[in-house]
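Enquirer: Residue strings, one per chain:
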Amino acid sequence: MDLELRDIHKHYGTVHANRGIHMRVASGTIHGILGENGAGKSTLMKVLSGYAARTSGDIFLDGRAVDTTTPAQANRLGIGMLYQDPLDFPSLTVLDNFSLGRPNRGGGLNRRALAEELTRLCRDFDFDLEPERSLEQLTVGERQQLELLRLLSLEVKLLILDEPTTGISTPQKEKLFGALRRLAAAGMTLLLVSHKLEDIESLCHAVTVLRQGRVSGEMTAPFQLDELVNLMFGTIPAPPPRGAVASGEPVLLLHEATAGGDRAGLGNCTVSVRRGQVVGLAGLEGSGQGVFLRLAAGLAKPVRGSLTVLGTQLKPGDHHGFRDAGVVFVPTARLDEGLVGSLTIAEHCALTEPHPSFRIDWQGAANTAAQRIARFRIQGSADTPAALLSGGNQQRLLLSLMPARPRLLLLEQPTRGLDLEPARWIWAQLRALCADAATIVFSSAELDEIMAFADRVLVFYNGSLVRDLDTRDSDLDDLARAIAGK
Amino acid sequence: MDDLNVLAVLAGVLAGASPIVLATMGETITEKAGLINLSLDGTILLAAMVAFLVAHDAGSLGLGFLAAALVGAGIAAVVGIAGVYMGQSQVAVGFVLTLMCRDLAYFLGNPYSRIQGPRLAPLPVPGLERLPLLGSLLFRHSLLVYLSVAVIATTWWYLYRTRWGLELRAVGENPQAAHARGIDPKRLQLLHALLGGALVGLAGGAFSLGIKPGWGRPQGAEGMGWIALAIVIFGGWHPLKVALGAYLFAFLQVLGIPLQSWWPSVPAQVFQVAPFPLMILALLLLGLTQKDTLQRWADAHPRVRKLLRSIQGRAPRALGRPYRQE
Numbered sequence: 012m013d014l015e016l017r018d019i020h021k022h023y024g025t026v027h028a029n030r031g032i033h034m035r036v037a038s039g040t041i042h043g044i045l046g047e048n049g050a051g052k053s054t055l056m057k058v059l060s061g062y063a064a065r066t067s068g069d070i071f072l073d074g075r076a077v078d079t080t081t082p083a084q085a086n087r088l089g090i091g092m093l094y095q096d097p098l099d100f101p102s103l104t105v106l107d108n109f110s111l112g113r114p115n116r117g118g119g120l121n122r123r124a125l126a127e128e129l130t131r132l133c134r135d136f137d138f139d140l141e142p143e144r145s146l147e148q149l150t151v152g153e154r155q156q157l158e159l160l161r162l163l164s165l166e167v168k169l170l171i172l173d174e175p176t177t178g179i180s181t182p183q184k185e186k187l188f189g190a191l192r193r194l195a196a197a198g199m200t201l202l203l204v205s206h207k208l209e210d211i212e213s214l215c216h217a218v219t220v221l222r223q224g225r226v227s228g229e230m231t232a233p234f235q236l237d238e239l240v241n242l243m244f245g246t247i248p249a250p251p252p253r254g255a256v257a258s259g260e261p262v263l264l265l266h267e268a269t270a271g272g273d274r275a276g277l278g279n280c281t282v283s284v285r286r287g288q289v290v291g292l293a294g295l296e297g298s299g300q301g302v303f304l305r306l307a308a309g310l311a312k313p314v315r316g317s318l319t320v321l322g323t324q325l326k327p328g329d330h331h332g333f334r335d336a337g338v339v340f341v342p343t344a345r346l347d348e349g350l351v352g353s354l355t356i357a358e359h360c361a362l363t364e365p366h367p368s369f370r371i372d373w374q375g376a377a378n379t380a381a382q383r384i385a386r387f388r389i390q391g392s393a394d395t396p397a398a399l400l401s402g403g404n405q406q407r408l409l410l411s412l413m414p415a416r417p418r419l420l421l422l423e424q425p426t427r428g429l430d431l432e433p434a435r436w437i438w439a440q441l442r443a444l445c446a447d448a449a450t451i452v453f454s455s456a457e458l459d460e461i462m463a464f465a466d467r468v469l470v471f472y473n474g475s476l477v478r479d480l481d482t483r484d485s486d487l488d489d490l491a492r493a494i495a496g497k
Numbered sequence: 002m003d004d005l006n007v008l009a010v011l012a013g014v015l016a017g018a019s020p021i022v023l024a025t026m027g028e029t030i031t032e033k034a035g036l037i038n039l040s041l042d043g044t045i046l047l048a049a050m051v052a053f054l055v056a057h058d059a060g061s062l063g064l065g066f067l068a069a070a071l072v073g074a075g076i077a078a079v080v081g082i083a084g085v086y087m088g089q090s091q092v093a094v095g096f097v098l099t100l101m102c103r104d105l106a107y108f109l110g111n112p113y114s115r116i117q118g119p120r121l122a123p124l125p126v127p128g129l130e131r132l133p134l135l136g137s138l139l140f141r142h143s144l145l146v147y148l149s150v151a152v153i154a155t156t157w158w159y160l161y162r163t164r165w166g167l168e169l170r171a172v173g174e175n176p177q178a179a180h181a182r183g184i185d186p187k188r189l190q191l192l193h194a195l196l197g198g199a200l201v202g203l204a205g206g207a208f209s210l211g212i213k214p215g216w217g218r219p220q221g222a223e224g225m226g227w228i229a230l231a232i233v234i235f236g237g238w239h240p241l242k243v244a245l246g247a248y249l250f251a252f253l254q255v256l257g258i259p260l261q262s263w264w265p266s267v268p269a270q271v272f273q274v275a276p277f278p279l280m281i282l283a284l285l286l287l288g289l290t291q292k293d294t295l296q297r298w299a300d301a302h303p304r305v306r307k308l309l310r311s312i313q314g315r316a317p318r319a320l321g322r323p324y325r326q327e
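These protein sequences, in sequence, are chains R and C.
Residue numbering for the first sequence follows the numbering used here, beginning at 12 and increasing consecutively.
Residue numbering for the second sequence follows the numbering used here, beginning at 2 and increasing consecutively.
One chain only, chain R, in its complex shape:
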């Protein structure tokens, strides 16, 4: 199915996410949509799949103008989309998820026929999905495989994949790419959204690059990567300089620590982190990094084993005790665990005042807020509620609220969802802190980030610490294999 987009605009409130996008995709090809976070890729795809209604513009399929204002309409036209965060139902079974959303109306449900279809598709694509298992027991990659099979069983002709390689293992990715090449060869049109050049390079026939809501360029294979990077960022970023690895006294000691949480928990973890180090935690999401950070922050209690922080055995689970000792934890869910969405920047400053008086000194809070806004270059004013700040500015606010001299800094995916520039700025600040003898432990889904900023990397797989490496003498491939459990 040939696709043409003409002058697509999409507004979210005051945000102009797509600013007049033109694009053509030929039938039977894999077309890449490349761009940094926030370039408008996902928005454009949601417009196409009917999940979000466009503000203006036209969509043509095989030369015919069509309307996709609801997913139901788009489904009928043969458009299906694999969303970035799987849009499925974790508490239901695999078969239930496969059965949901079929176009023929009526109350009946032929479970046996559906189960047979699922098994047949699984065999075709060499996927291993048990129909009666609960979706909660599946990995993100398996959930994606299921969603792909579901869309295929609906006989979609145009398949959209939004960042399909996020959070899946290397073998799963290879399997997925194999399936996608097969589908394109069979005449299906595929749109692959990604911010990873390697994905685009290995899979796509042509690519459209978006930047700040506009098309910044197009290219057909073979791609000139330098040129693509230029189209994405404008200028090519250089990696930051790195000093020698510090090795002071141990600040975080875990001895055979075991704790529950996440998908896999954390089992028998023994590790020692020294003062001044920057340690990256790598692994698929939910492999134990989150539990590790929460143990070290005093938010979770070990079931077995011991934990020594900053030379003292603090009471496990006593987060306030850990804080007083100089441990700072910055969670990934900024609005859920870190900030209060409806409170303003000044109110956050008043809340985190180290020696609060009963009557709030609003003048003082406003002054503190103004100082922090200036120092951390936050785009907002003292009376802006946290929820109205962009992701990057929320992260800056969180960092600005940290106690003055942290000794152990625990960060969960500190640059998740941020553009490259803000991410680098945040890292510059963090490295400055580290030079000040603070220790940083952070988790990240992006290996590049860990390789660029960490001195040492701990790889987690299925709740265990499986690899402990120096980032200077290990390569990406080796790490990728460790993350996938090989």
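Hints are computed from structural coordinates only; laboratory data are not their basis.
In this text, a Cβ means the ideal position worked out from N, Cα and C, and glycines have one as well.
It is possible that some hints are incorrect.
[To be verified] Partial list, derived from the structure: chain C residues whose beta carbon lies under 10 Å from chain R: (1) Trp165; (2) Gly166; (3) Leu167; (4) Pro276.
Dock chain C against the given chain R, drawing on the hints supplied.
Expert: Frame of chain R, contents of chain C only:
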């Protein structure tokens, strides 16, 4: 207690539980779709009053029950439209409706207070009623009791064996994902609020035309709506476990009668009120099963773990959160 007495108590449980069963099944359906209808207590009273009034004036029990179901669906429609389509707080709307419907029932029903009216007669099943033991236990009830048992089975079948039931559970879990698959979450929530509300209305009719016949202040159904809401949580939003909870509550209520004759020195009010705190205690115990320490202990004991899994239940993930399109 001799055999006859045990049978009488159990038959009484089956009959006495029928309104609560209807109300809890209705609320289970509504909440599985992600909507909380908190107006149950007021709805039951208003529907009870209307059912009695219509049945009395029209001389037809059928019309009485129909009117009760319509009242229930009507009140649920207010919760549904305000909560789903207008994005208002379902809890606030439901709570206000509870208070309003209760007062409305007392006010409008005043002329019908303490007068004689029609009531549902037992309808023994021919043949089966003469079975030893089972006959008097199961087959000498009114139509309503048979209906309440059928509603349990139908609710389970509907939720877990039909496509609409699957879509309903999906919307209660993740309305965004349901929307992405071409399901209209708002329409589905409203329709099931109406269906659930109609069942709650029938529960009201079951009180005033069945087990507590007539109308008055108090009617005798006060507090039942709140108990029904608690039982839905107790049963972990699973129709069969919810029904079990409803029968447990009815059993505690019926038990008061023989207990009172055994210990005449204890005031009668103690036995009347006892089921309510006992229900709360049961809820607390159920809450304990979610404790991490208990879960870990159970993980080491496979049999306990199985038992624990079977009594655990989790609320529909999107319960009470209105769906908004991007």
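Enquirer: Against which earlier hints does the structure fall short, listed by number upward?
Expert: Violated: hint 4 alone.
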